[in-house]
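So the sequences go chain by chain: A and B.
Quick note: to get our numbering, add 72 to the position in the first sequence (first position is 1).
Quick note: to get our numbering, add 56 to the position in the second sequence (first position is 1).
These aren't lab readings, by the way, just hints derived from the structure by calculation.
Take these hints with a grain of salt, some might be off.
To be verified - So the derived label-pair ranges between C-beta atoms look like this:
hint : chain 1 : residue 1 : chain 2 : residue 2 : range
1    : A       : Gly135    : B       : Leu300    : 44 to 50 Å
2    : A       : Arg183    : B       : Ile68     : 25 to 31 Å
3    : B       : Ile374    : A       : Asp160    : 36 to 42 Å
4    : A       : Ser103    : B       : Asn199    : 50 to 56 Å
5    : B       : Asn350    : A       : Asp86     : 55 to 61 Å
6    : B       : Gln263    : A       : Lys182    : 40 to 46 Å
7    : A       : Arg183    : B       : Ile374    : 49 to 55 Å
8    : A       : Ser103    : B       : Lys188    : 42 to 48 Å
9    : B       : Gly302    : A       : Glu98     : 54 to 60 Å
10   : B       : Glu307    : A       : Glu230    : 57 to 63 Å
As the list claims (entries may be wrong) - List of simulated lysine-lysine pairs, DSSO-like, C-alpha gap at most 27 Å:
hint : chain 1 : residue 1 : chain 2 : residue 2
11   : A       : Lys201    : B       : Lys459
12   : A       : Lys201    : B       : Lys452
13   : A       : Lys106    : B       : Lys392
14   : B       : Lys190    : A       : Lys108
15   : B       : Lys185    : B       : Lys142
16   : B       : Lys185    : B       : Lys214
17   : A       : Lys211    : A       : Lys226
18   : B       : Lys392    : A       : Lys211
19   : B       : Lys459    : A       : Lys106
20   : B       : Lys259    : B       : Lys214
21   : B       : Lys214    : A       : Lys211
22   : B       : Lys458    : A       : Lys106
Small disclaimer: the values here were computed from a predicted structure and weren't measured.
No residue lacks a Cβ here, since even glycine has one placed at the ideal position from N, Cα and C.
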Amino acid sequence: MICLKNGGKTKNMDDMDSIYTDLIMEHSMASHNKRKIDHPDKCEMGHNPSCGDEIELEIKMNGDKIEDLAFTGHGCAISQASTSIMIDTLKGKTKQEALDIIDTFIGMIKREIKDDAQLEKLEDAIAFKNISNMPARVKCAVLAWHTLKDLIEKEDTEDKK
Amino acid sequence: MSPETIRKDFKIFENRDIAYLDSGATSQRPYQVLQAVEDYYNKNNANPHRGTYDLSIDSTAEYDKARAKVAKFINAKRPEEIVFTKNATEALNLVANSYGLEHLEEGDSVVISIMEHHSNLVPWQKVTKIKKAKLEYMYINDNYEITDEEIHKKITEKTKIVSITEISNVLGVKTPLEKIIKRAHDVGAIVIVDGAQSTPHMKVDVQKMDADFFVFSGHKLMSPMGIGVLYGKYDLLDKMTPFLMGGDMIEYVQEQETTFAKPPTKFEAGTQNIGGAVGLAAAIDYLEKIGMDNVEQIENELLDYAKSELSKLDFVEIYAPKDNKNQIGVLSFNIKGVHPHDTATILSSVGVCVRAGDHCAQPLIHYLNVPATCRASMYIYNTKADIDRLVLGLNKANDMFKKWRKD
Numbered sequence: 073m074i075c076l077k078n079g080g081k082t083k084n085m086d087d088m089d090s091i092y093t094d095l096i097m098e099h100s101m102a103s104h105n106k107r108k109i110d111h112p113d114k115c116e117m118g119h120n121p122s123c124g125d126e127i128e129l130e131i132k133m134n135g136d137k138i139e140d141l142a143f144t145g146h147g148c149a150i151s152q153a154s155t156s157i158m159i160d161t162l163k164g165k166t167k168q169e170a171l172d173i174i175d176t177f178i179g180m181i182k183r184e185i186k187d188d189a190q191l192e193k194l195e196d197a198i199a200f201k202n203i204s205n206m207p208a209r210v211k212c213a214v215l216a217w218h219t220l221k222d223l224i225e226k227e228d229t230e231d232k233k
Numbered sequence: 057m058s059p060e061t062i063r064k065d066f067k068i069f070e071n072r073d074i075a076y077l078d079s080g081a082t083s084q085r086p087y088q089v090l091q092a093v094e095d096y097y098n099k100n101n102a103n104p105h106r107g108t109y110d111l112s113i114d115s116t117a118e119y120d121k122a123r124a125k126v127a128k129f130i131n132a133k134r135p136e137e138i139v140f141t142k143n144a145t146e147a148l149n150l151v152a153n154s155y156g157l158e159h160l161e162e163g164d165s166v167v168i169s170i171m172e173h174h175s176n177l178v179p180w181q182k183v184t185k186i187k188k189a190k191l192e193y194m195y196i197n198d199n200y201e202i203t204d205e206e207i208h209k210k211i212t213e214k215t216k217i218v219s220i221t222e223i224s225n226v227l228g229v230k231t232p233l234e235k236i237i238k239r240a241h242d243v244g245a246i247v248i249v250d251g252a253q254s255t256p257h258m259k260v261d262v263q264k265m266d267a268d269f270f271v272f273s274g275h276k277l278m279s280p281m282g283i284g285v286l287y288g289k290y291d292l293l294d295k296m297t298p299f300l301m302g303g304d305m306i307e308y309v310q311e312q313e314t315t316f317a318k319p320p321t322k323f324e325a326g327t328q329n330i331g332g333a334v335g336l337a338a339a340i341d342y343l344e345k346i347g348m349d350n351v352e353q354i355e356n357e358l359l360d361y362a363k364s365e366l367s368k369l370d371f372v373e374i375y376a377p378k379d380n381k382n383q384i385g386v387l388s389f390n391i392k393g394v395h396p397h398d399t400a401t402i403l404s405s406v407g408v409c410v411r412a413g414d415h416c417a418q419p420l421i422h423y424l425n426v427p428a429t430c431r432a433s434m435y436i437y438n439t440k441a442d443i444d445r446l447v448l449g450l451n452k453a454n455d456m457f458k459k460w461r462k463d
C-alpha cells in the first residue's frame, strides 16, 4: 500500500477502491440509459466547463410520473455512472419524489445529510457517498442531478404559466 | 547543478511527498524567493512613490530594482519598457483593450493560433467584435506545427495585430516565432508574444525576436502569485491610453480632465504588488544562478525520458511532435478509453499531480478532437523519479479500468 505524506493527511489506493467500485465502473460503461428518447417532452444540457463534461438529459412524462429518462454526452467515469444510476433510480417516480431524492443526493454529497435512514431512498446512488472525500470530483457526481433538477423546475414553472 | 540538488531548495517537497508535474499551471517556489519577499516586508515595506520618508524611498528603490532586473532578464532596451501587471492575462487584456481598441478598424484582421490559451483568445474576440474586425486562426498540421504556408495565408495586408504564444501550454510545442514576426512586420502588423510558458524555461530576448509586446506571469517562474509583466516597445507604450485609471498613473488631474504619467507608470494604477515584484526579481536571480541554458538542458533531458517511458505504455496515447527539438517539458496524453479526470484522480492517489481537462484552451482541444487531456508539465526540480512515479500511477489506472473498458 502506498501512503503519502500529504500536509498531515494520508491518502492511498484504498480511497480509489471506495470511489471506483464495481457498481460505479459497471454503470460508467453501461449503455442502457445512454440513448435518445422518441419525442421527449423536454431536454436539458448539463455542462461542467472546468473539465469539459457534457450531458444532455431527455425526459418523457406520463402525467406527473417520469415515464422515461435517458442521456447522451461524454464525461468521466464518475459523471457517466452517476447519470446512469440516477436514471435507474428516478424512472417511474413522481416529480415530487424525484426532487426529494435529488435534494437528498446533493445533501449527501455536501455532507449535510448523513442519516442512513434518510439516505435509503437513494437506492444504488448511495454508492457515491465517498465522493464527498474528493472535492475535485464532487462536480462530476452532481452534474446530472443538478441538470435534472433544473429541467423539472423549469417544467413546473412552464406548467404554471 | 542537478535537479536533485535544486529540489532541496523547495521546502514544499519536505511537507508533501509528491511528484509535482503541474508547473505549467503554477510552479513551486524556492526558499530564496520566499525569503526575499519576507525580507522586503520586514525591512523595506511602505507605499512606493508616495512618501518622502526613507522607508518609502527604500520601497520605491526595491520596486525599481525589480523592474530593471526584469528588463535585463528579457533584454528590454530600458526598464521603462517593463509594466508590472497581475499576470500574463492582465497584460494581454491591457494590450487588447488599449492598443487593440485604438488601432483596429472595420475589416482589419487579428491573427492568433489555434494553440492560444483563453487569455490570448477571449480578449481578442471581444475587441474584434466591438471593432467589426475579423479574428483569424493559424492552425497546426498533424505534427503540431504551424507551416510557412499557413503563416502566409493568414497574416495578410489586412492584419493589424498578431498575438501568438511562444509555447503551447497544452502541447509544449514552440511556435515558429521568427517567421511569424517577420511576416507580421512585412505586412505592417504588430506582434504580441505570450511568453507565459516560455519565459520560465528558456532564454528570452525581446529585442532579438523583435516582439512589439511580450507578456509573462511571475507565478509560473517561481515568484509569488499576483505579479506579471508586460513588455512593450517604448514608443508604442507611450502612444497608448492607459487601461486602468486611478492613483499614481496620472500627471495632472482637474475636475474634468486628466493627463497621464509616462510609461510604465501610466499603466500601473493603484498601489502595486511590490512584494511580488521583489519576489520575481529573486526568482530571476535564482534562475540566472542556475543559468537558463542549464534550465533548458535539465528539462529537455527529462522530457526525453518522459516521452520514451510513456511511449513504452501501449495503453497511453501521447499528443506531441515526433521530434523533441521543438518541444519543452510539457506533455499531453491520455489512457486510451479512460477519461483524463479519472486518470488524474488515480494518479493523485499515488501522489502524482497532473492537470486534466481542457487547460484553458478549448478551441485547441476541439481541434485535436479529444474530450480533454492529462498534462504533465515539468520544471527544474523534477527528477526521473517523478516520471517513474507517473508511470507507476498510469499502470495502476490502467489496471483498474482495463477489465471494464470496451475496446
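Okay, the hints, checked on the actual structure:
1. Taken as a hint, the range 44 to 50 Å is violated for the pair Gly135(A) and Leu300(B), whose Cβ atoms sit roughly 58 Å apart.
2. Between Arg183(A) and Ile68(B) the C-beta distance comes to about 29 Å, which sits within the given range of 25 to 31 Å.
3. Ile374(B) and Asp160(A) have their C-beta atoms about 37 Å apart, which keeps the hinted 36 to 42 Å range intact.
4. Between Ser103(A) and Asn199(B) the CB atoms are about 36 Å apart, so this pair departs from the stated range of 50 to 56 Å.
5. Range check, Asn350(B) to Asp86(A): Cβ separation about 41 Å, and the 55 to 61 Å hint is violated.
6. Gln263(B) and Lys182(A) have their C-beta atoms about 55 Å apart, which leaves the hinted 40 to 46 Å range violated.
7. Distance hint check: the CB atoms of Arg183(A) and Ile374(B) are about 39 Å apart, inconsistent with the given range 49 to 55 Å.
8. In this structure the supplied range 42 to 48 Å holds for Ser103(A) paired with Lys188(B), their Cβ-Cβ distance being about 47 Å.
9. Range check, Gly302(B) to Glu98(A): about 58 Å between beta-carbon atoms, so the 54 to 60 Å window is met.
10. Checked against the hint of 57 to 63 Å, the C-beta distance between Glu307(B) and Glu230(A) comes to roughly 59 Å, which is consistent with it.
11. A distance of roughly 24 Å separates the Cα atoms of Lys201(A) and Lys459(B); the hinted pair therefore holds under the 27 Å criterion.
12. Of the pairs offered as hints, the one joining Lys201(A) and Lys452(B) holds, with about 23 Å between alpha carbons and a cut-off of 27 Å not exceeded.
13. At roughly 21 Å between alpha-carbon atoms, Lys106(A) and Lys392(B) fall within 27 Å of each other, so this suggested pair holds.
14. Between Lys190(B) and Lys108(A) the alpha-carbon distance is near 38 Å, which puts this suggested pair outside the 27 Å criterion.
15. Distance restraint check for Lys185(B) and Lys142(B): the Cα-Cα separation of roughly 25 Å lies within the 27 Å cut-off, and the hinted pair is therefore satisfied.
16. Between Lys185(B) and Lys214(B) the alpha-carbon distance is near 16 Å, which keeps this suggested pair within the 27 Å criterion.
17. A C-alpha spacing of about 21 Å is found between Lys211(A) and Lys226(A), which places the hinted pair at or below 27 Å, so the restraint holds.
18. Among the hinted pairs, Lys392(B) with Lys211(A) is consistent with the structure: their alpha-carbon atoms are about 23 Å apart, no more than 27 Å.
19. Straight-line distance between C-alpha atoms of Lys459(B) and Lys106(A) comes to about 20 Å, which keeps the hinted pair within the 27 Å bound.
20. Between the alpha carbons of Lys259(B) and Lys214(B) the distance comes to roughly 32 Å, so the proposed pair goes past 27 Å and is violated.
21. With a C-alpha separation of about 44 Å, the suggested pairing of Lys214(B) with Lys211(A) is violated against the 27 Å cut-off.
22. Taking the CA atoms of Lys458(B) and Lys106(A), the gap is near 21 Å; set against the 27 Å cutoff, the hint holds.
Going through the hint list in order, the structure does not satisfy hints 1, 4, 5, 6, 7, 14, 20 and 21.
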